[in-house]
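Okay, here's what each chain looks like letter by letter:
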Amino acid sequence: MKQLTALQQQGRRSNSFRSNSSPLDATVDGAIKSPATIFWLFLHGLCCLISLVLGFRFSRLVFFLLFSASPSPSTTTIYSALRTTLPTVSSPPERNVSVDSGGSRVVVGRHGILIRPWPHPDPAEVMKAHRIIERVQAEQRSQYGVKNPRTVIAITPTYVRTFQTLHLTGVMHSLMNVRYDLVWIVVEAGGTTNETASLIAKSGLKTIHIGVDAKIPLLWEDRHKVESRMRLHALRIVREKKLDGIVMFADDSNMHSLELFDEIQNVKWIGAVSVGILAHSGGSEEGDLLMQESDADEKDEKKSKLPVQGPACNASGNLAGWHTFDTQPFVERSAIYIGDRAVVLPRKLEWAGFVLNSRLVWEDVEGKPVWVKDLVEIGKDGEDIESPLSLLKDTSVVEPLGSCGRKILLWWLRVEARADSKFPASWIIDPPLDITIPAKRTPWPDTPPELPAYVEEVTTIPENTEKRPTKSGSKRKRSSRSKRKHNAKVLDIRASTKHAGDN
Amino acid sequence: MWGFLLLALFTASVTVEGIDRRGARTERISGSAGDVLDDNPVGKLKVYVYELPSKYNKKILQKDPRCLTHMFAAEIFMHQFLLTSAVRTLNPNEADWFYTPVYSTCDLAPNGLPLPFKSPRMMRSAIQLISARWPYWNRTEGTDHFFLVPHDFGACFHYQEEKAIKRGILPLLQRSTLVQTFGQQNHVCLNDGSITIPPYAPPEKIMSHLIPPDTPRSIFVYFRGLFYDVNNDPEGGYYARGARASMWENFKNNPLFDISTDHPTTYYEDMQRAVFCLCPLGWAPWSPRLVEAVIFGCIPVIIADDIVLPFADAIPWEEIGVFVAEKDVPYLDTILTSIPADVVLRKQRLLANPSMKQAMLFPQPAQSGDAFHQILNGLARKLPHDKRIYLKPGEKVLNWTAGPVGDRKPW
Numbered sequence: 001m002k003q004l005t006a007l008q009q010q011g012r013r014s015n016s017f018r019s020n021s022s023p024l025d026a027t028v029d030g031a032i033k034s035p036a037t038i039f040w041l042f043l044h045g046l047c048c049l050i051s052l053v054l055g056f057r058f059s060r061l062v063f064f065l066l067f068s069a070s071p072s073p074s075t076t077t078i079y080s081a082l083r084t085t086l087p088t089v090s091s092p093p094e095r096n097v098s099v100d101s102g103g104s105r106v107v108v109g110r111h112g113i114l115i116r117p118w119p120h121p122d123p124a125e126v127m128k129a130h131r132i133i134e135r136v137q138a139e140q141r142s143q144y145g146v147k148n149p150r151t152v153i154a155i156t157p158t159y160v161r162t163f164q165t166l167h168l169t170g171v172m173h174s175l176m177n178v179r180y181d182l183v184w185i186v187v188e189a190g191g192t193t194n195e196t197a198s199l200i201a202k203s204g205l206k207t208i209h210i211g212v213d214a215k216i217p218l219l220w221e222d223r224h225k226v227e228s229r230m231r232l233h234a235l236r237i238v239r240e241k242k243l244d245g246i247v248m249f250a251d252d253s254n255m256h257s258l259e260l261f262d263e264i265q266n267v268k269w270i271g272a273v274s275v276g277i278l279a280h281s282g283g284s285e286e287g288d289l290l291m292q293e294s295d296a297d298e299k300d301e302k303k304s305k306l307p308v309q310g311p312a313c314n315a316s317g318n319l320a321g322w323h324t325f326d327t328q329p330f331v332e333r334s335a336i337y338i339g340d341r342a343v344v345l346p347r348k349l350e351w352a353g354f355v356l357n358s359r360l361v362w363e364d365v366e367g368k369p370v371w372v373k374d375l376v377e378i379g380k381d382g383e384d385i386e387s388p389l390s391l392l393k394d395t396s397v398v399e400p401l402g403s404c405g406r407k408i409l410l411w412w413l414r415v416e417a418r419a420d421s422k423f424p425a426s427w428i429i430d431p432p433l434d435i436t437i438p439a440k441r442t443p444w445p446d447t448p449p450e451l452p453a454y455v456e457e458v459t460t461i462p463e464n465t466e467k468r469p470t471k472s473g474s475k476r477k478r479s480s481r482s483k484r485k486h487n488a489k490v491l492d493i494r495a496s497t498k499h500a501g502d503n
Numbered sequence: 001m002w003g004f005l006l007l008a009l010f011t012a013s014v015t016v017e018g019i020d021r022r023g024a025r026t027e028r029i030s031g032s033a034g035d036v037l038d039d040n041p042v043g044k045l046k047v048y049v050y051e052l053p054s055k056y057n058k059k060i061l062q063k064d065p066r067c068l069t070h071m072f073a074a075e076i077f078m079h080q081f082l083l084t085s086a087v088r089t090l091n092p093n094e095a096d097w098f099y100t101p102v103y104s105t106c107d108l109a110p111n112g113l114p115l116p117f118k119s120p121r122m123m124r125s126a127i128q129l130i131s132a133r134w135p136y137w138n139r140t141e142g143t144d145h146f147f148l149v150p151h152d153f154g155a156c157f158h159y160q161e162e163k164a165i166k167r168g169i170l171p172l173l174q175r176s177t178l179v180q181t182f183g184q185q186n187h188v189c190l191n192d193g194s195i196t197i198p199p200y201a202p203p204e205k206i207m208s209h210l211i212p213p214d215t216p217r218s219i220f221v222y223f224r225g226l227f228y229d230v231n232n233d234p235e236g237g238y239y240a241r242g243a244r245a246s247m248w249e250n251f252k253n254n255p256l257f258d259i260s261t262d263h264p265t266t267y268y269e270d271m272q273r274a275v276f277c278l279c280p281l282g283w284a285p286w287s288p289r290l291v292e293a294v295i296f297g298c299i300p301v302i303i304a305d306d307i308v309l310p311f312a313d314a315i316p317w318e319e320i321g322v323f324v325a326e327k328d329v330p331y332l333d334t335i336l337t338s339i340p341a342d343v344v345l346r347k348q349r350l351l352a353n354p355s356m357k358q359a360m361l362f363p364q365p366a367q368s369g370d371a372f373h374q375i376l377n378g379l380a381r382k383l384p385h386d387k388r389i390y391l392k393p394g395e396k397v398l399n400w401t402a403g404p405v406g407d408r409k410p411w
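Chains as they are written, first to last, in the UniProt record's numbering: chain A, 1 to 503; chain B, 1 to 411.
Do not take every clue at face value.
Said to hold, decoys possible - Only pairs whose alpha carbons sit at most 27 Å apart, straight line, appear in this in silico BS3-like list of lysine-lysine:
hint : chain 1 : residue 1 : chain 2 : residue 2
1    : B       : K46       : B       : K387
2    : B       : K46       : B       : K63
3    : A       : K242      : A       : K373
4    : A       : K128      : B       : K327
5    : A       : K128      : B       : K252
6    : A       : K268      : A       : K147
7    : A       : K407      : A       : K348
8    : B       : K409      : A       : K147
9    : A       : K241      : A       : K215
Said to hold, decoys possible - Covered by chain B, per the in silico footprint, the following chain A stretches (three or more residues, Cβ under 8 Å):
hint : stretch
10   : 137-151
11   : 176-189
Hints listed in this document are in silico derivations from the structure and should not be mistaken for laboratory results. Quick reminder that beta carbons are idealized off the backbone N, C-alpha and C, glycines included.
With the sequences and hints as input, model every part of the structure.
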């Protein structure tokens, strides 16, 4: 009886109405007229009970063994295939011979789940797949991306210092991933050095390494000025060599996104992008980063906490003004000298936020717009060129890029160690250290231990320097906590307390 | 017979490169019937639409408006299209084809799946009506009539394959042209001369999820859906003939395969970021995934033995998709990675062809080159009718008493 009602319910709507458990044609009416039907139902019920006990579909097996006239080779071959392929399905596959007309290779019924012996990715195939993906993406780029990509000319002023390797490697890797032709002009203060040269040689890019005879001053103000001069020097190189392309300023401590390089391809003469300013204090207190606007056009940006420098657009998408960094909140706490613990502030408009068509700085070139001053006239009196806007007679021609300045494509952050911080030349410790000094007490005591003469370079950085007590003598300055070099393995070596700054 | 020309798929198709409006490089698509995707059926055929009482169509739709959005909605939209189409004629004597608007797939369970139990009776009742009221059915016993049967196994009217095979195509429909989504070679539920169509996918929904074409395709293989149907196939091995389960067991650890049973809201966007989209069989060999893959430019990987794909004579599916036998599923990664990159790019170019995408959709209102027009083109290609279909008066070929007893109950 239970089976009967179950059958009837099966015919009606239920969640499991697709169940295959009935070998009979269960009609909706459930009309049981003949004894044959009753007999089949009874048999079916019996088989169901046995299946419950055994755990697999007994009824099918019975019918298969009793009534099937089909040759067994098909079954056995599949079964053996399953055997060798270690199936997860333990019961043998039962093939219901389909009522189909002949000629169909596809059999209805239960099939085995084929699993190969080692269902894991093969590295060679993974590489092939990646190559296919690269090809597809290259095709996409050529179809939908920039049509005639121009060479990118990146200008980076740098100088040898503790964090130079860190910053320059970051910029280098960004530039190495740029998909367009690139020329990298590295301007070094204090003349070209082998250290910088060996670093940039690792990039494999086309580089122009020039030196400027000027030492980087200690004060931030002056440093900005010298950097501007270095950039102008680089622009003069562009002019001399008649480099063709798009000039962008990749300061070595900035972070660039790759979309920036795609976006600047759209510039016609001079463009501006939005720069996110990550000004923060080097001290343990977090600075209050309030967003202030000098341009009231886009009021909704007041909600964002990240200060942004860049073009501001009005409703029709034209340049209406500039967002600059408001130094008001920081006037008490701004850093004065390099390595200072206070907040390092950007200038009103950073060079990094501008891109130029290199033809703007060339000598007489037709099609050069009238609103640009000639390069030779700028900076020759040694005046401070704050931003490339000084190159223009009329600043309204600047094209806002990155969906009118709404997309931030690069971030500005000035993090430096103290000017007198020591670091191993080229960050290579040669000869390797092999002296261990037993600790007086762990982790690191206050009083400095005796050190052999040549091991004066700093090797380790403790992970949480905040907990260290301030030394009585030298004022320990910490630059960014976030910039950590890896802990060297020589942890027994007493970290030097003349450890000015972290490295 | 031409509707069944799978072997003809292997014939080479002429392709000419071109640039479409958006700058994408495309190739012209022409299948074994020639370059017919852009054909205009107006003027090539005339269709007469029978006016059936609304209990066969409108009333059913009113009872459950979900019928307009599920994947079987093509039958409803075809009716609406034909009512206002230029191929419609009000004079049945000059009609080449006769259409009977019966919404046989609109009896929905609470969970939305259509129940086919009453469909044979409904069909039978409709045919009895038209054969009594108009002389055109008896003239040919339905050979110049066409019906839309988009259900799982077409006119076999059952969702379980074994039962569907046992029933076979409704005897009264044996001579008519069936426009259905189900297509499998040498299967009882596919007649020669049937037209296979894609399942309905809502065009506005698809179009609203388009992303910029320069978004790089970074997913290698993508699939979202069931691998085991625990409700209806608790043992495993029945659902999808074990192919989906095999897919999961072999490739769940493979980082190239982004497959899972999730229902992400970004499903359409993800498909546009994938190179290959798997379209395995489920309980029936067809699925809306094929339509979605074509629209989103993702190369469909069709895992369904002997399947007949939509508009098989107009679209050279061999050139556009990748066909993998069910027994080869464990080696899917080897198969897909060994496809040369040029072939992949060519398939993408073919997929980018707007007429290809248009042919898979049922837009409201109808646009040229869409699936409605492809159906009409298919019907037009079957003209002119063979003279032998016209029966002498009194001659009967169809057996009106064939089929299960329950079918003969009036609806």
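Okay, the hints, checked on the actual structure:
A threshold of 27 Å between alpha carbons decides the hint, and for B:K46 with B:K387 the separation of about 18 Å falls inside it, so the pair holds. Pair hint B:K46 plus B:K63 does not hold up; C-alpha atoms about 32 Å apart against a cutoff of 27 Å. The suggested pairing of A:K242 with A:K373 holds, with an alpha-carbon distance near 17 Å, which does not exceed 27 Å. Distance check on the hinted pair: A:K128 and B:K327 sit about 23 Å apart at the alpha-carbon level, within 27 Å; holds.
Among the hinted pairs, A:K128 with B:K252 is consistent with the structure: their alpha-carbon atoms are about 19 Å apart, no more than 27 Å. Distance check on the hinted pair: A:K268 and A:K147 sit about 14 Å apart at the alpha-carbon level, within 27 Å; holds. Note on A:K407 and A:K348: the hinted pairing holds, with a Cα-Cα distance of about 19 Å set against a maximum of 27 Å. Pair hint B:K409 plus A:K147 does not hold up; C-alpha atoms about 68 Å apart against a cutoff of 27 Å.
At roughly 26 Å between alpha-carbon atoms, A:K241 and A:K215 fall within 27 Å of each other, so this suggested pair holds. Residues of the stretch 137-151 of chain A lying with their CB closer than 8 Å to a CB of chain B number 7, which satisfies the three-residue condition for coverage. Judged by the Cβ-Cβ criterion of 8 Å, the stretch 176-189 of chain A is not covered by chain B as claimed, because only 0 of its residues qualify and three are needed.
Checked against the numbered hints listed earlier, the structure breaks hints 2, 8, 11; every other hint is satisfied.
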